[in-house]
Structures are given as structure tokens and as C-alpha cells.
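Participant: Protein chains in written order, with my numbering: chain A, 1 to 253; chain B, 1 to 485; chain C, 1 to 443.
No lab work stands behind these hints, which were simulated from the structure alone.
Any given hint might turn out to be false.
Across the chosen pairs, the derived CB separations fall in these ranges [said to hold, decoys possible]: (1) A:210 to B:443: 46 to 54 Å; (2) C:216 to A:108: 36 to 44 Å; (3) B:257 to C:133: 42 to 50 Å; (4) B:465 to C:426: 43 to 51 Å; (5) A:139 to C:65: 58 to 66 Å; (6) C:435 to A:193: 51 to 59 Å; (7) A:120 to C:426: 47 to 55 Å; (8) B:431 to C:117: 39 to 47 Å; (9) B:157 to A:15: 35 to 43 Å.
The C-beta atom is built at its ideal place from N, Cα and C for all residues, glycine as well.
Here is what each chain is made of, one letter per residue.
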Amino acid sequence: MSSLVIQDLHIAIGEKEIVKGLTLTVNSGEVHAVMGPNGTGKSTLAKAIAGHPDYTITSGDVLLDGQSILAQEADERARAGLFLAFQYPSEIPGVSIANFLRAAVQARLPEGEEIDASGYYKRLYAKMDLLKIDRKFTSRSVNEGFSGGEKKRCEILQMAMLEPKLALMDETDSGLDIDALRVVADGVNTLRGPGLGVLLITHYQRLLDYIVPDFVHVMYDGRIVKSGDKSLALELEAKGYDWVKKEFALANA
Amino acid sequence: MKPLTDLETIATPEVDEAMANPVIGIDQTAGNFKYDVKYEFDAGTGLNENTVRYISGVKKEAPWILDFRLKALQTFLAKPMPTHWATRDLENINFDKIRYYLSSGQKPKRTWDEVPEDIKRTFERLGIPEQERKYLAGVEAQFDSEAAYSNIKDIVAKQGVIFVNSTEGLREHPEIFRKFFGKVIPTGDNKFSALNSAVFSGGSFIYVPPGVKVAQPLQAYFRINAENFGQFERTLIIADEGAEVMYMEGCTAPKFSTSTLHSAVVELVALKGAKIQYITVQNWANNVFNLVTKRGVAHEEAEIKWIDCNIGSRLTMKYPGVVLKGRKARGEVISIALANDGQHQDTGAKMIHAADETTSNIVAKSISVGQGRSSYRGVVHIPKRLKGCKNNTECDALLINTNSRTDTYPAITVRGDRNYVQHEASVSKVNEEMIFYMQQRGLTEGQAMSLAVNGFINDLARQFPMEYSVELKRLIDLEMEGSVG
Amino acid sequence: MSASTLSAPPASTLTGAFTPEVFAAHLARLPDLPAWWLERKRAAYERFAALPLPTRTDEAWRFSNISTLTLDGFTVPTADATAVPHHAPIGIPKAAKLVFANGRLFSREPLSSDLAQRGVIVTTLQEALTQHGDLVREHLLAQPSRFDSAKFTALHEAFLSDGAFIHVPRGVEIDDPIGVFSYALGPDAAVFPHTLVVAGENTRVTVIDYFGSTDDTEAQFAIGANDLYAGHGAQVTYIGKQDWSHRALSFQANSTVVRRDARVQSLNLHLGARQARHESLSQLQAPGAFSEMLALTVARDDQEFDQRTLQIHQAPNTKSDLLYKNALLERARTIFSGLIIVDPDAQKTDAYQSNRNLMLSDDAEANSLPGLEIQANDVRCTHGATSSRIDPEQEFYLQSRGIAKAAADELLTFGFFEEVLNRLTNDDLHDALRTLIQTKFKK
């Protein structure tokens, strides 16, 4: 049983505060959706938790299984079980997916232990079959020249291989048409289970038609202003974000 | 290539207005006239120590300036022509046949009424007094070696802005100008900066006090009237902390059968947080050798931007530079060059990074028409152990005819792993499909070509003040007329 | 200017260790040479002795460290070598092998009898001079020196004693690479390796030129050159692996001629020497010609790599594609100076030139001079140069997958090399070169 606990988190880029006191707990087996208008700090939250150097956590804490991760480098957090599916995954010319994932798997082995190459490929191909990904895919450079859908599928494949405890999925639906969206959602649903907690960041309800969340949180101006179950997402869809803005303004009045 | 819709922004009603009443200074045909002027002061033909003493004498200069000039003359004589990298056309300059100083007096007039009639007629024909009334904060009009007219609007003068010619600047305000004079561009920087340092006359000396933002541009207009003449103006602009100023220069000369030399030195100093924008529209006649050294020093958080447009001259060699001396200083060169038959536009930019987090940007576009040749030369230098420096350079060349020529010669030095430099260049011709598309809509090939060329430089032309960008378009139309067979 | 530089320098400073006596001794040790070749060597020596060393103001030597160039203190080896390294530097099957030590043939592995019967020739220049004189005369050092380094090319021609001669006659395709190994042995040795490849119509051949020293600490001087000629429709792949001693001074002048519809792919790996200048000239002489010019450099310690390239489009519808990548560590310096020249009649030229410098140290210095001289208007010519460290976003992406920073940087650096190696179609070669370059990088 794992948990990601975010406690009164404040995040700044340079001098500017973006996230202004956010509290949230994600346990394994749960899928939480964080929704909100653009520019409200959703992606900042994901990148900062993953340890991107451009973001400064000015106060609050993030605990993974009870341990603060804030002093850790991005790669240490990842090895501790955190996975960030990027909104805009980097293109890495010259590094094949197979080599890249191999290095990532190797990094998780104890010092001095070499990866079992045949076991690795067997597992990789099994995951690819599970996610219905063509094997030729692995010889291509990571994300280079990929379509939006291919990039997102590549993210899901990495998630499947690295078996995180907690996945932060940043606008996973952006740039996808309906077919690509379905493929990606199928992938996430396949990986969903008691061992995995998911924090799904999205602007639109449409992703939640395919990945049904257990909890929905509405984020506005750097905070969570409303939480509920999946019906909240539908309500939001019906009433629009202006409704949240108004409610939030009233609550603060 | 930009889609047609982008071009339409230039084809506004202002075009017609400008046609009817052209802001002359860009159209070469309009500058091709001369009046006979009797000069009171003439240093004669050829260059030696006496020429230098004569110039310094008529200007009643302080001894240190004469000394500076004489040393510069020695440097000029000692330095070889830079033909190991530059064109051998330079060897066609005959320094013994040039007249180095011609004027009708050293003190410019403050009103147009006081300017001698024949000289006044020249500038009226070039439209200068009218531009001054319309949108300029101050004007200096140089006729051969000296400014015939120099004035600054009262409202600007009251803010403490100094706008005088070089003779006056060194004589009346040595405490301000001597400190920076010859410091940004030392005499020995190159053979032609040394020549200028020996025989300089005219040009603008400008000082903008701390925090003063000059709302309208200051303009200098350089006119060559005499044959076999060399014009050597010297400009120094100092923007004190937080000050902002825009300076524009234009030029014309009649077309003589013999060659004319123009060799200026322009130094800019932007102190902390200051901004200087320097706009040149160079339209010398096709017999002018235009060999100019331009450089600015940008201190902490200061910004220097050169907008440099070269259309005229036989040979132009000019690489405006910025020394980024203070943290977070910014430098920019926007360059447009058009080389037609018999012309070589050898232009470019230099960015010398000397402090952390400095950024520079170079965008150069050239068009070669007929047997015209355009060359880009660039230097980007990020020396020892700086961090957070960035340069971005983009050079695009358009070749119109089968025998047009373009060259690109950048030199980029980067030290250390904390800086970022990117250079991209491309050479292309006008897209035939696009020309056909426009022809199918009823345009002639020449019109289509003009539109295409204007589209090529449109994003840069927009950075010019409206009066200039309209004229730029008109000039390109003229140049393109004969380019398609 | 001091008085001493005004007067002509004494002859000894112009010739250094390569005095007329040393040249005479060199000629005396050679077998009987065809008259034309002997005459050319003598003329080359005259040019060498008369030409000055490059100076700082020579445009073609801009940014080069001229002060560390020297002709002094070297010897032209006279004794036969007794041993060369046993290791197989690029361990893939070879169609034939020639091993030279200090400019003399040390050992050889001949072609299969099948290839020999089909007229393929892999032999020494000395043999070729007598048996295939016309071919040698037509192609050996026949192209102009275009980089203001005639002094060095003349020195090479004067002292060239032996090298490889490879001729593939019309229609023959060879799968396995032909290996040429040139070793410098002993302190202060000056060597003059040469590889001449003449690929006839519709042929296919791969040649690997390997340059190395037996001892990585010897101060040596290598002045090498090659001539590649790709006839109508030929496909030539050339790999040059420069791994001279880390105290060596290296000068290499490569020349490629590409004829109609022919394709030459060259990849030069620069690993060794303290100071190495590498000149590469590609002439695209007939429609359909294509030259792909690739280079990878791992520059470290105090090494200086000075790479000069020329892509000359002399005919319409020709193509060239250059990608030079440098990884710079420690206090290393690199210079890339490239020029695309499009002649007035070479319409429909498609030329590309790219120099990428990966800065891995705060003390390293990269100089980039990508140039264009275009005299035809219907062309597609672009060039680009970048100098930067590893992209922080890529680094973060890898770290977010659990890969530690050092491992991430290594992976990204190998990816940087891989973009060049990926251009090779021979997988075995690709793998072998990857191992080589990674080894140098990890040192």
C-alpha cells in the first residue's frame, strides 16, 4: 500500500508563486483527476513534484510512503516509484527506446547488478503486446518525429515497464484525436490496479469518459477549491469553469 | 515565404501618399542631382600631415585632438588593406585623388533661413525640413564635410539632451564626450577607422541624461555634393542610465563617374538600463565606397539595437557590433541588404559577449539581383567562463537571377558549457509556384516578383518606422522592375 | 615589425627536420620510380622548401593554434618495423587487409581468389606504380589543394613512400570492407600514409583507413592524404579512424571526386593526436553525384581538432550533405570551418552543412565557421551550427525515468554520436564504431 501525500504545497517559478497551498492524498488503487482552467497551476504541480529544476517549492511537503521527497533529485524520486507522463515529452535524438528503457531499468537495480538482457527484452515485448504496440517501435529514437499519439503511447509503455507506485499524468489527452485517446486510455486502464495510484491532470472531461476517476478535484488559482466523485466532473462539464470561478470568488468574499 | 495576406499591410494608402510626396533618401534617382557650391574651406586633393593639420586648424581644435588625428594618420598609413579576407575591389580606391575636407563654414545654422541658398535648396529637394516638422525631435544636415544645419526641438533640449556635431561636441562638452571618444572603436580597429580618426568631420554627438526617454527620433542626413570627395563623419551617442533614444540616418550623393569614399565611425554607449536604437537607410549612389565601422557598448541591462538597411553604394563593408559588457545586456542587429548589378553589399554583425546572461540576436536578409553580390560576415564571441549567454543568428539570402551571388561567412566561438549559440542560414530563390499563383491572379511577373521580395523582408521591414518601410517597399519595386526578362 | 621577420628566414626554419639531405636519403631508399613520379616528388619537395608555414592571419588557418605547429625534431624512419599492435581495431570481417608500419608494407591479407579474378586490385602504391601506372598517375594527388596548406600537401607528396591502392573494376560489388592500417612506430617518427581508391562504374566498395601509434605517448608527425574517385554510379563508403598517439601532430588532406550518379559516404572519427588538422574536399562533378560527409570527434584533455571542409558543386543536380559533430571535454578546442561552393552552372544543387558542438566542460572551446558561396540561384542550400551543453529538458526527462544525471548525460552524449553513426548502412560497422567511440569517451 503506497501513498502520495501533498501537504499545503506552495510552488514558485522565479519570484512568482503559482501553487498556493495545495493539499491532496493519493493512495494506491485510486485514480484522482485534477481539473481546472488553463494557467491555474496544474502542470506546475506535476512537474514540481517530479523535481523539475525550474520550479521552487517554497513551503509545504510532498511525502511518498511517508518519506519527504523534496530533498531528492528527479531521478531519485523516479526510482522511489514516481512517474510523470509528460504533456510534451522531450525528443531524444540518437537514443533508441530500447536503449533508453534498458538504462532506466538498469538504474533501478542494485549497484553492481547487471540487467538480464534476455529477460528485459522478454518483458518489454510482453508489455508492448499488452499495449498493442508494434515491436519495430523500440528501434526508433525516443519521441523523435513521433505523432502526438505515438508520443503518448511511448509514455504509457515506459510507465508499464517501470512499474511506478504513483503516476502523475499531465494533460495526457492533449494533442490526441479520438482514436489515439482511446488507445492511450486503454493503456492506462490496463495498468490500473491495486498497486498503482494515479493523479490525472486534465482540462477536459472527455478523458474521464475513458478513464473513470474515483475522485475529482477542481483546481483554481493554485489551490484545490472543490473535491467530489466522478459526478463533479460531469457537473463541471455542464456548468463550465466560470461556475468554479464565481463560486471561488464568493467563497473568498 | 510569407503568404500574400502578410504583404497587404504594406500596401496601405500611405503608399500613395508617399509616392506623391516621397520621403526622399531612399529613392536613388531622387538623390541624383547636384548644385555648384563655392566652398570657402578646401583641404585640397590627397592626404598627408598637412591635410590633417588644415582640418584641425579650421576647426580650431584643442591640441589633444590634433595629436589624436596625427597618430591616427600614421596608423592608417601603416595598416595594409584587408584584402586577405575582403574583396580586392578595395584596391581601386585612390587615396591620392580624394578631397578630404570641403565646407562653407564650421558652424551649423539653427534655422533653415540662415542656411546658404544653394545648400538649402538641396535639403529642401531631399525633403528634410518637412520631415523635421512632421516627426523628428532634432535634425542635423551635413553637406560634404560639415553640418549646414543642426537643430533640436526646445522640448527635447530642455530635458538636457545634447545634440550637436562632432566639432561642437568636442569643443563645448569635452567633459562628457572625451571620456568615450575613440574608446568603443579604437583608432587601430581597422584601416578605415584609422582613416576616419585622422580626418573626421561632422557627424552627431548626442548625450541623453539619466532617465530621459526621447519620444521622437533624432535624425542625421548626410549629403555628398562634390566629386572625388571623401566624407568622414564621426558619431558618438551616449545614453545615460535608464535613458532611451532612437537615431536615424539617411544619405545620398549624386552619381559621379569617379569613385567617392564614405568612411564613418559610429560609437554608441548605453549605460545601465539604457536603450539605443540606431536606424540606417544607406542609399549612396553606385560609385560610393561605403566603409563604415559601427559599434556599441551595452552596460548592465542595457539594450542596443542596430537596424541596418543597405541598398546603395558600389561596395559597402559594414558589420555593426555590440559589446555586451554588463550582466543581462542585450544586443540586436537587423540587417537588410539589396545588391543589384555592380554592387557588393558586404554586411553583417558582431556580437562580443563579455558578461553573464547577455543575449544577442542577429537577423540578416539579403537579396541579390542581376549580377549583384551580397555577403554576410558575422562574429559571435563568447569567451572564457561566462554563463547564461545566448546568441541566435539567422541569415537568409534570396537570389533573383541565375548569375546573382551570395556568400555567408560566420565565425562563432563559444567557450564553456553554460551558454547557447545557434546559427542558421539558408539560400533560396523565389518560389516559382508562388509567382505563377500571383500571375494567375492577374499580376505581371515583375509585380509578383516585387511582392515576393517584399514578403521575404516583410518581418524585418516592419521594424522600421512607417515612413522608412513604405519607402523601402517602393525602392524594392523600382529595383525589381528590370530584374525579370 | 622586427628586423628578423623582414629578412628571409633561413632555409632550415622552412624545412625543419625535412632537409634536402633527408629528402635525398628518402629517395635513395625507394626502389626505381617511374620518371613522372620521381619528377613530381622532386617538384613537391621544392615547393615544400620554398613555402612559408601558415601564419595567424591566413584566413584558411583562422583560429588554428599556429604556434604549436612545428616541423622540427622529427625523423623519417629508416629501419623496417619488427612488430605492430596485435589488436584488431575494428573487429569485423575484411575482404582484404594491408598493414603499413612507418610507411612500409608490414603484412597483408589478400583478396579472395574470386574477387581477384574479377579484377579487383588491393595492393601497395609501390606495386601499383609499376603495374597500374596510368591509373595511379591519373588519380594520385591529382586534385588541387584548396585550404592554403600546400606546404603540408607538398611535404606529403615529397616523402610519400608507400600506401594503399584499391581499384574496383566496372560492375564489381564487394560486401566486406577493405582494411588499410597505418602505424607510426617509435619516438619522433614522421609518417606519410596514403590511400588511393578508384571505384569504377557501378561498383560498390567500403574502405576503412585506420591510423594508430604503438605507443600513446610518442611525439610523432603524421602527414597523410587520400584520394577517392567514384565513377559513374559507384557507391563508395570510406571510414577514417584517426587514433594517433596523444602527443602526435596530425595533418590529413582528403579528396573525393564524385562522378555521375555516384555516391560517396565518408565518416571520419577523430580520436587521437594532440593537434590534428583534417581537410576534406568533395567535388561533385556530374549530375546525380552525391557526397555525404560525416565526422565525429571526441576532443578531450588539451587536444585541438581543426576540421576544414569544402563541398564544391561543379555540375547541376548534385547533392551534398555534411554533418560534423564534436563532443568537447576538459580543455579541448575544436574548429570547424566549412564552405559550400556552388558554381554558376550548378543549378538545382541541394547542399546541406551542419556542425554541432556538445560542450561538456567549462574550459572547452568550440569555433564554428560555416560558410556559403553561392553563384547559382535555383538551389537549396542551408547550413546550421550550434554550440551548447546537453539540453536540460532532455536531461530532466531521463532523470524523471529514474536515470541518474551522470548516466543520463552519457546516454544523451551517445545519442548525439548515434545520429551520425545511424547514417551507416552496415550494421556490423555501426556497432564496431559505436564501441570505439564510447570507449574513448569513457576513458
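Participant: With reference to the structure, classify each hint as holding or not holding.
Facilitator: So, going through the hints one by one against the coordinates:
A C-beta distance of roughly 52 Å is found between residue 210 of chain A and residue 443 of chain B, which places it inside the suggested range of 46 to 54 Å. A C-beta distance of roughly 38 Å is found between residue 216 of chain C and residue 108 of chain A, which places it inside the suggested range of 36 to 44 Å. For the hinted restraint 42 to 50 Å between residue 257 of chain B and residue 133 of chain C, the CB-CB distance of approximately 59 Å leaves it violated. For the hinted restraint 43 to 51 Å between residue 465 of chain B and residue 426 of chain C, the CB-CB distance of approximately 60 Å leaves it violated.
At roughly 42 Å, the beta carbons of residue 139 of chain A and residue 65 of chain C sit outside the given window of 58 to 66 Å. Evaluation of the 51 to 59 Å hint for residue 435 of chain C and residue 193 of chain A yields a failure: the beta carbon distance comes to about 41 Å. The given range of 47 to 55 Å is broken by residue 120 of chain A and residue 426 of chain C, whose C-beta atoms sit roughly 26 Å from each other. Between residue 431 of chain B and residue 117 of chain C the beta carbon distance is about 54 Å. The supplied range of 39 to 47 Å is therefore violated.
Distance hint for residue 157 of chain B and residue 15 of chain A: a CB-CB separation of about 40 Å, consistent with the stated range 35 to 43 Å.
Checked against the numbered hints given earlier, this structure breaks hints 3, 4, 5, 6, 7, 8; the rest are met.
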